[in-house]
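Number of protein chains: 4
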Amino acid sequence: MSGSTYGQLFQISTWGESHGEATGVVIDGCPAGLPLSARDIQPFLDRRRPGVSPAVSSRQEADQVQILSGVFNGYTTGTPISLLIPNTDTRPEEYEQMKHCFRPGHADFSFQQKYGIRDHRGGGRSSGRETAARVAAGAVASLLLKEFGISITAFTRALGPIHLPEGEEDFAFLPRSPVSLPHEGLSSKALLLLQENRKKKDSCGGVVECHVRGLMAGLGQPVFQKLDALLSHAILSIGGIKGIEFGLGFAASSLLGSQYNDCFFADNGRIHKSSNHGGGILGGISDGDLLLFRAAVKPTPSIGLPQDTVTQTGENTVLSISGRHDPSIVPRVVSVVEAMTALTLADLLLLHASSRLDALKKIYNASFQDSF
Amino acid sequence: MSGSTYGQLFQISTWGESHGEATGVVIDGCPAGLPLSARDIQPFLDRRRPGVSPAVSSRQEADQVQILSGVFNGYTTGTPISLLIPNTDTRPEEYEQMKHCFRPGHADFSFQQKYGIRDHRGGGRSSGRETAARVAAGAVASLLLKEFGISITAFTRALGPIHLPEGEEDFAFLPRSPVSLPHEGLSSKALLLLQENRKKKDSCGGVVECHVRGLMAGLGQPVFQKLDALLSHAILSIGGIKGIEFGLGFAASSLLGSQYNDCFFADNGRIHKSSNHGGGILGGISDGDLLLFRAAVKPTPSIGLPQDTVTQTGENTVLSISGRHDPSIVPRVVSVVEAMTALTLADLLLLHASSRLDALKKIYNASFQDSF
Amino acid sequence: MSGSTYGQLFQISTWGESHGEATGVVIDGCPAGLPLSARDIQPFLDRRRPGVSPAVSSRQEADQVQILSGVFNGYTTGTPISLLIPNTDTRPEEYEQMKHCFRPGHADFSFQQKYGIRDHRGGGRSSGRETAARVAAGAVASLLLKEFGISITAFTRALGPIHLPEGEEDFAFLPRSPVSLPHEGLSSKALLLLQENRKKKDSCGGVVECHVRGLMAGLGQPVFQKLDALLSHAILSIGGIKGIEFGLGFAASSLLGSQYNDCFFADNGRIHKSSNHGGGILGGISDGDLLLFRAAVKPTPSIGLPQDTVTQTGENTVLSISGRHDPSIVPRVVSVVEAMTALTLADLLLLHASSRLDALKKIYNASFQDSF
Amino acid sequence: MSGSTYGQLFQISTWGESHGEATGVVIDGCPAGLPLSARDIQPFLDRRRPGVSPAVSSRQEADQVQILSGVFNGYTTGTPISLLIPNTDTRPEEYEQMKHCFRPGHADFSFQQKYGIRDHRGGGRSSGRETAARVAAGAVASLLLKEFGISITAFTRALGPIHLPEGEEDFAFLPRSPVSLPHEGLSSKALLLLQENRKKKDSCGGVVECHVRGLMAGLGQPVFQKLDALLSHAILSIGGIKGIEFGLGFAASSLLGSQYNDCFFADNGRIHKSSNHGGGILGGISDGDLLLFRAAVKPTPSIGLPQDTVTQTGENTVLSISGRHDPSIVPRVVSVVEAMTALTLADLLLLHASSRLDALKKIYNASFQDSF
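These protein sequences, in sequence, are chains E, F, W and H.
Read in order, the letters of the first sequence correspond to residues 1 to 372 in our numbering.
Read in order, the letters of the second sequence correspond to residues 1 to 372 in our numbering.
Read in order, the letters of the third sequence correspond to residues 1 to 372 in our numbering.
Read in order, the letters of the fourth sequence correspond to residues 1 to 372 in our numbering.
Where hints are given, some of them may not hold.
Which copy is meant is left open, because identical chains are indistinguishable; a pair holds if it fits in one copy or across any two.
Calculated cross-link-like contacts (lysine-lysine; reagent style DSS-like; alpha-carbon spacing at most 30 Å) [unchecked claim]:
no., residue 1, residue 2
1, LYS361, LYS99
2, LYS99, LYS362
3, LYS99, LYS189
4, LYS146, LYS362
5, LYS199, LYS362
6, LYS146, LYS361
7, LYS189, LYS146
8, LYS99, LYS199
FYI, nobody ran anything at the bench for these hints, they're computed from the structure.
Please take these sequences and the hints and turn them into a complete structure.
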């Protein structure tokens, strides 16, 4: 499987550079029979797109998704779904400066070392622009999961020094927060912080948290396709993410087993856990509880302040980046985290369908019929 | 790719249950011409195996690896290498108690939900015993990497409340530490802590850190096969790992871009970075600097203290686990982290070989010849 | 890997329906540094496209390929290459008739059984139209192979009762034959046959043969990725192909070992074979000789003559297909056979690069440099 | 996916050399809940194994399979099934002669070119011995298919000049034929032919035909994972197979569409076809009819007659092969064809389970339950 392909049964292949003509994705493996139209996908892209608040870059991309294949009469047909999002506000000329030098914190240097050639315009393939395709594909995955009662919510747990204490989330406010922070007061503070960063020509990082509700027990494959392993793969594949933790995460490392273990109890014929320190995963398989993880986001590497760097020919120089950039990518990463989570879960849901003989027999007896 | 398979070109398939006859792995894709014998692999397994210190379980497994295929006259042949490690100290009878109830923190419940059947003997496939096969395969990967000057060192950064401050590592001491903690004083303290845990019938977690030296720039594939994405996948696939972070990791989330970015400078015709906050990765591709990450390890779920749980038929009960278990898996996880890192890097090294036309031409001109 | 994805390192994902807006392909894994433009790809599509002779369907598709990503300043960058071919001459209304009944010999029935839904317009995804994307991707693969001196030529060995005897090929004539038959006299006869078929509202099949020159020894992976296994997979994935044979193929089954074996001999320090009954493959690995195989093509299933069939609701009916169809797909399949062969060989060439330690060391010593 | 791995969901990794200690396979992805024991697998191996008739090599391998993992209390658990078959009658010394020269028709030369090293003992990995692992894995696949009413029968259609006419098959006799030829008279003739070949120190090829009964419609994935494409891949991966054809196969190439097309008709509420020229496949997807294909087997390359060849250092020489070899591999290939067919169909059956939303919902509603 090549580098821009993700998933085994619900498989996506994304393509596109920051300042190319378009970006897009081919989804291969979406089950037939899912109701789907561009209108269903668009809201997911709208959440991700820049230009909608002072919190983000001023690049104005409409991000209008087109479905080029795989849907017929309003339903998926089981064949590849090709989604295309034209780039409409490219300004490659703004990147002339980067043509000959390596931006600190960006992939310019490592791409050059790897390939001996790079599209310098806004980072080319390594730009955050490629996440539009992920979000479009993730929308389809989310719609599939919704059919099974599974819903995903990611949000800003921390932005720079601002931290939303556990238990104080106001999820009803979340859709109105321009920084995806579900707390009215802290959201306002965060917005001010971003404006201040922009003025100072600097940037900041943060922490994104993700909750999945309605997940059935049993998703994830031992040994190497554990649910947490695959989610980590998915989330760390997002540019700017430097860490992930599940449930209590790193805090678990200083607890005793007797403090950390989630005990089981039965109540009214159903099995429950007394706590959810493990974040809804046991032995790499979902246990049916709330799935919970957090991801660390580094500060946007593009800053207006002067930075030391070197040219492609190895001379020392100083660079001030003047393009259109986000003072923090955290608010936008939220939708990408949801997308990657949806893609991973959709894939595991399909994989799980073949894990048991009794379940398979049910499918073949009930849904498919041979005819000769 | 199924659940117990990992890697694309340097691919492994592991198998085996805790109390089955043996555990093993098939390595498919190791290049031909690597010197290899069981003696080369054994030291890696010796580091992982239980029964060598008071820090670990008293289960006595010799972990003697056998090479059943793929090696001829002392060299790999390019065909699958089958490694087998017999289980010699199984005591399935000790697990009768677990047959009918779910151990908290273990995969018993989720496996049962997933498959409708489970091998209850010591956790079956979900036991840490499966990591012996990973370590054996990782040894081969490590030997391959060594041919390219790449070396991997993982160690205990923290064990319960004991934390090794950055900069105080004494790597010369590491091989003598029974808890893989490269600091004589803290290592002794850690050993005492483990003995205390055992007495209290409790367990503790910790943090494992991993360093890779000698890595060339260019490993990792954009977008979904980023070096950090694949390493996260690999490390989180180890049982008991609840988080990972690269470079500054979660700490990056509260820094400014101007503080976090690693600036470049040229010196004597070579390009350097002024810091390594990113942990040796830029845009998901190795930058040639020290690769550095940390993993959070949860406390061993098996503890002697009584815990609330439920039986398979849904009745409440209390369980005290009396098997042979590690008071902390941290010391043993160290070798597994190294193994998974080696497997990931070996795979990316092979993948990278086909990334550039100029490099490919060099191979085909120099090494291979057609003959008709 | 999902159904519309092919290849491991040189990986393609095709998409598109016969009467959708466009068809296309994402190539992920093409090495960086290959000179590439739409002009380089277009000639391959021109050979495949309908509407250029009385031998083919009257559907007029310009098949103008667009490169949407992965190429910068005239060279591939190592990132996904997205190719798009608009559909310009769709007439879905012509297929209203097929909406409710199953065309004999087509995938209508099996798609309906599989997915419970189907795009009936010209067969949707099962139409030969999808091969445009294959040919576009195959063009890139061919250009890559050309860099290594490898060239592929497929041609019509037989069309209905017309058979080109071995040894009478006139390859210089091939580019001028509208039926891809490298023999002037037989080509004219074949063209007449096709016109006659059209008049009779019937169709015919044939045999396509493929030769690969300049192939180095060593391509193909034992055991399941044998060169002939992968080529068979590739060629049988083309709609309408019902068989494949390598070298002497089925004729080998009635020979003695002493007649069939290709003996080796050395001459002037090079190793040769006295014959090439095996078609350039030994043990599933190329031996450096001419690679040769033949594929059986069934008659075009769409015919104007009335045929018995059933409606989707299970009533007997009679169907005469009036759309724009090829009297034989053989002439067009030739370019698809070349494309699939190129894709398979490009993939194996990349895979082979990581098969030997000595070769890998050469790459890493010569082409890549670490910098810290 | 590496060279010795096959399948996507029902995935196998085989290993082992002709004269190594053992051969084996890891099956990863077999659904949980399938009744399985070594006794269930053994009969499949017994059919394949040499030494049971004058028709085959005199090498005496017991081929006793051991199950090392993945089965608990008589049922598969969903985790990897490791099967091991010890080699008991190896005589590597008999192959000293081949150490320095290339056997015509074998993989010696191409392996040497590919890897720069080869296990010369009986062909090492390229020996037919590796098919024991395929047959063991195929047995598990067959047992899985049996749960769905699917059965596979392969047989000798032709052996050298002896050809079993269509319609004269006596399948009741098949189990008693030492050459897997379902016709008492022709079977006797075939046995005489093989004895004669042995006397003449020569060998012969043949044709194996395979029938699958009880297959539901809908298996196979468009475009590149077509049922016939995958079966071709599977069958051509068997050493010595030089061609495959489905239904009428190559004969289709000289028919008219009106002759070839299988027409549909409805009878008593069920849909039937008036003929089965396509071999049970429409558009690469099973149509529910009898699946039928034929494979061409080349003559055994190992013959006692003197053959011209070259040494590894490039000198001309003459070689007479004196090892224990089959006068024809056809009788033994029959069981390998069945195994590869079973593996392919089992994989597609699992893949198909996730193709439709309605079917998936059925699984998740009926079989799996979340618990929190």
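To see whether the hints hold, each was checked on the structure:
1. LYS361 - LYS99: The answer is between: 27 Å across copies meets 30 Å, while 59 Å in one copy does not.
2. LYS99 - LYS362: Classified as between; 28 Å across copies, 59 Å inside a copy.
3. LYS99 - LYS189: neither (37 Å within a copy, 54 Å between copies)
4. LYS146 - LYS362: Both, since 22 Å and 15 Å are each at most 30 Å.
5. LYS199 - LYS362: Intra 62 Å, inter 50 Å, cutoff 30 Å: neither.
6. LYS146 - LYS361: both (25 Å within a copy, 12 Å between copies)
7. LYS189 - LYS146: For LYS189 and LYS146, neither the intra-copy (33 Å) nor the inter-copy (51 Å) Cα distance is at most 30 Å.
8. LYS99 - LYS199: within (26 Å within a copy, 61 Å between copies)
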